[in-house]
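Produce the complete structure using the sequences and hints provided.
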Amino acid sequence: MHNKLAGLSALTLLASAAPALATVTVFDGNLAGFNAAASSPPVTINFDALSGNIAGNTISGVTFSSPDGNTLEVVPASTTVSLLGGPSHTLSATSGLNVLSPGGATMPGGSTLAERDSLQLDFASPMTRSGWIYCLNRSIAAPS
Amino acid sequence: MSYTIYGAGNVVLSSGGVNASGPGTASGPWFFGFISDNAATNATRIVFTETDGDSVNPDANVGYDTLRFVAQAVGAVPEPSSWAMMLLGFGFIGAVLRSRRSAVTAHS
Chain G
70 MHNKLAGLSA LTLLASAAPA LATVTVFDGN LAGFNAAASS PPVTINFDAL
120 SGNIAGNTIS GVTFSSPDGN TLEVVPASTT VSLLGGPSHT LSATSGLNVL
170 SPGGATMPGG STLAERDSLQ LDFASPMTRS GWIYCLNRSI AAPS
Chain R
657 MSYTIYGAGN VVLSSGGVNA SGPGTASGPW FFGFISDNAA TNATRIVFTE
707 TDGDSVNPDA NVGYDTLRFV AQAVGAVPEP SSWAMMLLGF GFIGAVLRSR
757 RSAVTAHS
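Sequences listed follow chains G and R, in order. Residue numbers for the first sequence follow the numbering used here, beginning at 70 and rising by one. Residue numbers for the second sequence follow the numbering used here, beginning at 657 and rising by one.
To be clear, the hints were calculated from the coordinates, so they are not data collected in a lab. This one's a predicted model, so the numbers in the text were calculated from it and none came from an experiment. Be a bit skeptical, because a hint or two may be false.
[Stated by the list, open to error] Sample of chain R residues facing chain G (criterion: CB under 8 angstroms; computed from the structure):
#1 I661
#2 N666
#3 V667
#4 V674
#5 F690
#6 T697
#7 N698
#8 T700
#9 R701
#10 I702
#11 V703
#12 L723
#13 Q728
#14 S758
In this text, a Cβ means the ideal position worked out from N, Cα and C, and glycines have one as well.
Rendered as structure tokens:
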């Protein structure tokens with residue numbers, strides 16, 4: 070009897086130590102849903118006080134880097150980009166003054182490094198909730 | 657564009673495509689976010705991948721604008737279900753000790 074009870078108590082302790090089933094909920098294109106579920110986390114980084122290449126920098130506990138080894142340029146939101154002399158576009162900020170543009174606000178075309186806009190964020194403290202607003206400008210004309 | 661969310665030990669917690677990908681015209685702003693409901697799935701790394709690797713479809717330029725987040729609190733308090741399981745465990749230990757004490761008394 071004692072052994073059974075001891076076994077049960079050990080199992081219960083193990084169960085209490087194991088994490089409950091957990092999930093990650095993704096909000097793709099659903100800012101309203103994210104804010105409702107996440108209680109509108111404060112804007113933590115908007116790049117307005119930054120300039121130049123911030124690749125490798127840690128800001129508010131977040132380390133920014135490019136998986137491709139590209140630069141991560143902080144540029145004014147009004148920066149106009151163009152593709153091989155084609156149509157021009159503007160990186161419009163949703164708030165504040167600046168945006169982060171991997172490779173800078175140039176579109177040389179093809180698969181050059183400057184065209185690769187990948188971004189890696191490493192968190193000093195694990196994130197319970199996180200959201201990005203990002204702007205994307207896609208050229209209408211294909212490169213020749 | 658695609659995303660991958662990593663947890664402790666670089667375990668992939670979630671991955672997939674991000675809205676606004678595909679050929680044609682597009683403009684911002686766009687949004688991507690996630691919520692973890694447990695410390696086991698809190699994110700340590702997020703990678704957005706955009707290669708623009710072909711010369712047929714129009715190229716794109718992505719700007720990242722505003723990052724909002726809430727980090728896991730240091731020394732986070734366990735969830736209520738964890739507390740309940742722990743209390744149950746202590747209850748069993750108490751029961752074992754009590755029954756042992758009774759057995760010792762009966763034998764003596």
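Tell me if V667(R) is really an interface residue toward chain G, meaning its C-beta lies closer than 8 angstroms to one of theirs.
11 angstroms, violated
Under 8 angstroms, Cβ to Cβ, is where V703(R) needs to be relative to chain G, so tell me if that hint holds or is violated.
Holds. Min distance 5 angstroms.
Under 8 angstroms, Cβ to Cβ, is where S758(R) needs to be relative to chain G, so tell me if that hint holds or is violated.
10 angstroms, violated
With chain G as the partner, please determine if I661(R) meets the hint condition of a C-beta pair closer than 8 angstroms.
This interface hint holds because 6 angstroms falls under the 8 angstroms limit.
Just to be careful: measuring from the Cβ of V674(R) to every Cβ in chain G, is the smallest value less than 8 angstroms?
6 angstroms, holds
Using 8 angstroms as the Cβ threshold, decide whether F690(R) counts as touching chain G.
5 angstroms, holds
Once the shortest beta carbon distance from L723(R) to chain G is found, is it less than 8 angstroms?
Check passed: Cβ of L723(R) comes within 4 angstroms of chain G, closer than 8 angstroms.
Please verify that hint: T700(R), Cβ, nearest Cβ of chain G, below 8 angstroms or not.
Holds: closest Cβ of chain G sits about 5 angstroms from T700(R), inside 8 angstroms.
Grab the minimum C-beta distance from Q728(R) to chain G and call the hint holds if it beats 8 angstroms, violated otherwise.
5 angstroms, holds
Given N666(R) as an interface hint, is the shortest Cβ-Cβ distance to chain G below 8 angstroms?
11 angstroms, violated
Restraint: T697(R) near chain G, CB-CB cut 8 angstroms. Satisfied or not?
4 angstroms, holds
Tell me if N698(R) is really an interface residue toward chain G, meaning its C-beta lies closer than 8 angstroms to one of theirs.
With Cβ-Cβ at 3 angstroms, under 8 angstroms, it holds.
Comparing the model with each earlier hint shows violations of hints 2, 3, 14; every other hint is respected.
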